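Hey, can you work out the whole structure from these sequences and the hints?
Protein chains: 4
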Amino acid sequence: MRFFSDNAAPACPEVLAALAVANVQDTAYDGDALSQSLDARFSELFGTDVAVLWLPTGTAANSLALASLCPPYGGVVCHREAHIQADEAGAPEFFTHGAKLLLAEGAGAKLGADAIRAALDPIKPGVHWVQPHAISITNVTEYGLAYSPQETAAIGALARERGLGFHVDGARFANAVAHLGCSPADLTWRAGVDALSFGFIKNGGMGAEALLFFRRDLADAARVRRKRAGHLQSKGRFLAAQLLAMLTDDLWLRNARAANAGAMLVGQAAAARLAHPVESNAVFLRVTSSEAAALRAQGFEFYDWAPGVVRLVVSWDQDETSVRPLADAVAALGARA
Amino acid sequence: MRFFSDNAAPACPEVLAALAVANVQDTAYDGDALSQSLDARFSELFGTDVAVLWLPTGTAANSLALASLCPPYGGVVCHREAHIQADEAGAPEFFTHGAKLLLAEGAGAKLGADAIRAALDPIKPGVHWVQPHAISITNVTEYGLAYSPQETAAIGALARERGLGFHVDGARFANAVAHLGCSPADLTWRAGVDALSFGFIKNGGMGAEALLFFRRDLADAARVRRKRAGHLQSKGRFLAAQLLAMLTDDLWLRNARAANAGAMLVGQAAAARLAHPVESNAVFLRVTSSEAAALRAQGFEFYDWAPGVVRLVVSWDQDETSVRPLADAVAALGARA
Amino acid sequence: MRFFSDNAAPACPEVLAALAVANVQDTAYDGDALSQSLDARFSELFGTDVAVLWLPTGTAANSLALASLCPPYGGVVCHREAHIQADEAGAPEFFTHGAKLLLAEGAGAKLGADAIRAALDPIKPGVHWVQPHAISITNVTEYGLAYSPQETAAIGALARERGLGFHVDGARFANAVAHLGCSPADLTWRAGVDALSFGFIKNGGMGAEALLFFRRDLADAARVRRKRAGHLQSKGRFLAAQLLAMLTDDLWLRNARAANAGAMLVGQAAAARLAHPVESNAVFLRVTSSEAAALRAQGFEFYDWAPGVVRLVVSWDQDETSVRPLADAVAALGARA
Amino acid sequence: MRFFSDNAAPACPEVLAALAVANVQDTAYDGDALSQSLDARFSELFGTDVAVLWLPTGTAANSLALASLCPPYGGVVCHREAHIQADEAGAPEFFTHGAKLLLAEGAGAKLGADAIRAALDPIKPGVHWVQPHAISITNVTEYGLAYSPQETAAIGALARERGLGFHVDGARFANAVAHLGCSPADLTWRAGVDALSFGFIKNGGMGAEALLFFRRDLADAARVRRKRAGHLQSKGRFLAAQLLAMLTDDLWLRNARAANAGAMLVGQAAAARLAHPVESNAVFLRVTSSEAAALRAQGFEFYDWAPGVVRLVVSWDQDETSVRPLADAVAALGARA
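Chains as they are written, first to last, in our numbering: chain U, 51 to 387; chain A, 51 to 387; chain L, 51 to 387; chain G, 51 to 387.
Hints are not guaranteed to be accurate.
For chains that are exact copies, the list does not tell them apart, and a pair is met inside one copy or across any two.
Unchecked claim - Calculated lysine to any residue pairs in the SDA-like style (CA-CA distance at most 20 Å, straight line):
{"id": "1", "residue 1": "Lys174", "residue 2": "Ala377"}
{"id": "2", "residue 1": "Lys174", "residue 2": "Pro121"}
{"id": "3", "residue 1": "Lys174", "residue 2": "Val359"}
{"id": "4", "residue 1": "Lys174", "residue 2": "Pro327"}
{"id": "5", "residue 1": "Lys174", "residue 2": "Arg210"}
FYI, nobody ran anything at the bench for these hints, they're computed from the structure. Since the model is a prediction, treat every value here as computed from it, not as a measurement.
The structure is reproduced here in structure tokens:
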């Protein structure tokens, strides 16, 4: 019973089926019909003109976005626990040629506009100090918290005011949309977002993420950088096919809703133990070591996030039947240790 | 009738089937059972201890290999027409942080040890000039020519003598082995090769190449660099599955033999027009513009390589029935224009 | 009356005189007799074999040291307020090709071995997280605090235990030696230091710092990197001459003692206001805005370091006569605001 | 009798005197009065608005210029024997983060617009191939040949036509101006040049070159990159002072004329042996090994440039008395070997 992470879940049947359909000769790289249709398909979903690049990992998408928004000598404001800072092995520094991540603070790895201002304001102008060029947030955050359209727009307004680019790491963007019930547009370009790493792999994909630019002027150089990073796959149609399958009949949204529902079920079973509200498919629970051991003894797999806190992640393919035993086991732990 | 390139050919049924089998939950990244089995499986094929990394493109594999063999301030000797120099958009410079490709010459994009020596010898020692740290050859070359074990070993001996690393870009390594009838070991570690980019995508794969290190000490840092380049896919088992499918029952070799045979058929039909001997799955023909147009009018697709020369590439899935019409059409052009 | 910084003080007469002496034709770059004598001269001072590179700035020396100790994909532990992190505009990231500074905490920008351990221990092994490769401290710190030989050795022992390189940013190393009364050796190689940026410019030099390697194996590549960074001056003899002038008759130490003495004078005049003990040539005073304004009205120039704290720096050329008015003015402020 | 190179010649008395004058306290970095006056002083000389950065080496100036004109993923067309390609140890690749030098051909290391076109035209558009972003020429070339205003303007026109930046490596720009008798403006902005590395060190300076931008929009980022490369010296007034001394009373031009005159004297003595016309302060002579040995036996020092060709360089401080013996010795070799 796996609640360790959604990052190794199976791929959707629809995604696998799409690979078979895509398995005919077509133009190489992103010249095939499927890749060529991505801009239109995502533009429709977002209600605005979008330039789309497929990439095989969120790390590549994030890093490429940052390289598009920040010169080598610039800085990107992000949360101290942001994935780009904490879990990507310096990939942002690699793609940007050494830009600096400027760290801000906030509970649940979430940044308010004020927290970002607090990181920006002490930076003196001048050549001695790395100047900010962009802001990056993760929606939902590394703790599963969703930025609302209003919260995002407040950051977007700050970015515009300071002349900064604005990137959203949306490894679990689908979960944010599913939780908030808003439109993808409200969480992105309408809120001033320039680039979105739109994750699909954790949500039922196999090996394709989408990097979206809401400023088309950024896309051409990003395509060059993609090639230069060894990320322009010759049979790119297989990545495009995955993305298109996820968009068809809102599969991406259905999957995210399913995963979120599972997490909600667990969260409701242990409301008093929640280290953070459940706003996506992750549940952060306060448990003692012996409670954690007891859960593991029952066959539940999960991640020791921090002392006294574990993370349980529900994947797209885990329905109520799969999740109910976990909810019950958590409930059985009783009130807070 | 597509003879444009093998880089967008369909994937083998065996490869697609392997994806379905791999579509069960397993550890993320390269911690899954399939990825973990790669070292052993490739070690068996090569008859020595090999460390293997999957990667989604040959460009990534080549660049990562070069970064492993050459510091940012060093140089890599390669042919002026090598893929790493001519067709990878500066990816080697990106991964190596600006190492310099030191260009050597040879017919058919093939380098003899003497040609490499001629590139090395004028480089004065000292801090003012980029010093060589590695040699990279492509087997088969960009013109489809195969380096024999002896030719490879001569370069390997030179590399050892000068203290240089030795990389082989084997985007079509299978075709070289198929043509030469030798063992993979003879073309690699027995000949002094340190790292091999072993291509599978052009040969029936979907999105997985193998980067092999015959010096295990190089692999750890390469794994870090892979992550840092955004190339560590979370569902890596799908890449491993492809590679394993290609190794099963020598599918890689059978596919390469089939493609080579097709090219041979075409080559024999137009021996007097060959710009280079046919030693793999590519045929370089001397044709006039009007002859090229005539072939295209019959439905054959191919690449205008250079003035008066076209390239025809046979893919793994094109059997004699598919290739015969091309051979006939080429034969019908008659003797050299 | 300038107490703003020592970084723009005049150069010593001895340094200027040395330039005139050096103004004869000699071999270019670092092939001249003066440059060639540096290793021997510094080896004598440090009592061990030292490889020395001249460089025109501390930023270049620090960055080159870090690039020598840490690969592009690695990390360097330093204080959150270290000059390399806070005031070098990302130069370390440039020279290292994107290595990450891993931040540790400590009062007065000083790191104990425990603080470094606290930064190191949470870093999980594995490719997802930047692994530490080096430690860098500043002696004296950005707040003028000196690491004793014992404190340095404790960090050196930790570095050895963890397999990390150890760099000291000694922009004001002379002031540390002068304050502690120890030998340069005690603060460096005897304490496990691998590389020292030995600053002379703030201490009476014009445009030459010394980068010292106590591990000679690091120096060759560093010399290549120096050239590649545009730092190999063709008339290098003029830099070597400055360094040699500073070493002659312990000019470096006499200058540092003079500057330290001035700071001590000021510190003693305002002991109750000291934000940090005076252990070099800088005094950090707690003053109100109106007190600061009053001092400025009397002609004293200094740096507003932080709210309620100002920094006063005494330079090598400011003797008691120059400093006494400041000490008196500070004393006249009376007890703590 | 040194004719090896001008790169280690003594510094002018005027330059040394200026250092003494500059040796008073002033604002650090480039905030001092001397540095702040550079833009105006050079703008006057060039008859247009110029932004000026001092730097300690031509390699730094060139590399910084290229980084200002070309992104990491772009290319710079230059001659195969250009200093930036052949003698700077990969510094351009370091500063540009791996941009590629795209090599063109021409006698005497001189590029015509046609030669540049021949290098540009085969580059297909698309992400697979490094696209050109700039052109760099050396005036005078590595063989001492001067580009005329017309030749420069032809390249400038091509640069504009193709949307490329245009950089001139003017390590010996003064010698070009002195030879041609034209204005500095004619060889730069009037001919479409965006950035000039204006060399002073070989021409009597000590450790200061000037990087000039004729497009002010490029200068701000270049100043950031200068700091990030460790090139922002804290006592920058000493570099500014050197440049100002060189501009005073056209010292730069007088020095260059003197050096050129010496070279002309030698060239006239051996017209039939000249491998290239003498258009600056360098003489390339065809001599046999035994002739070279004979010259050396007479005490003349020079550089073996290539088999059968030696380079003799006259420095600013070598007047007719110094050069006449060389001219006589060369004449005495008699007609061509």
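Next item on the list: Tell me, please, which holds for Lys174 and Pro121 at an alpha-carbon limit of 20 Å: within, between, both or neither?
Entry: within (18 Å within a copy, 26 Å between copies)
Notebook entry, point to check: Is it within a copy, between copies, both, or neither that the alpha carbon of Lys174 lies no farther than 20 Å from that of Pro327?
Noted result: neither (37 Å within a copy, 27 Å between copies)
Next item on the list: Give the relationship of Lys174 and Arg210 under a CA distance limit of 20 Å: within one copy only, between copies only, both, or neither.
Entry: within (19 Å within a copy, 37 Å between copies)
Notebook entry, point to check: Given identical chains, is Lys174 near Val359, meaning Cα to Cα at most 20 Å, within a copy, between copies, both, or neither?
Noted result: between (38 Å within a copy, 17 Å between copies)
Note to self: Within a copy, between copies, both or neither: which one fits Lys174 and Ala377 at a CA-CA cutoff of 20 Å?
What the structure shows: Answer is neither: 50 Å inside a copy and 30 Å across each miss the 20 Å cutoff.
In the structure shown, a violation is registered for the earlier hints numbered 1 and 4, in ascending order.
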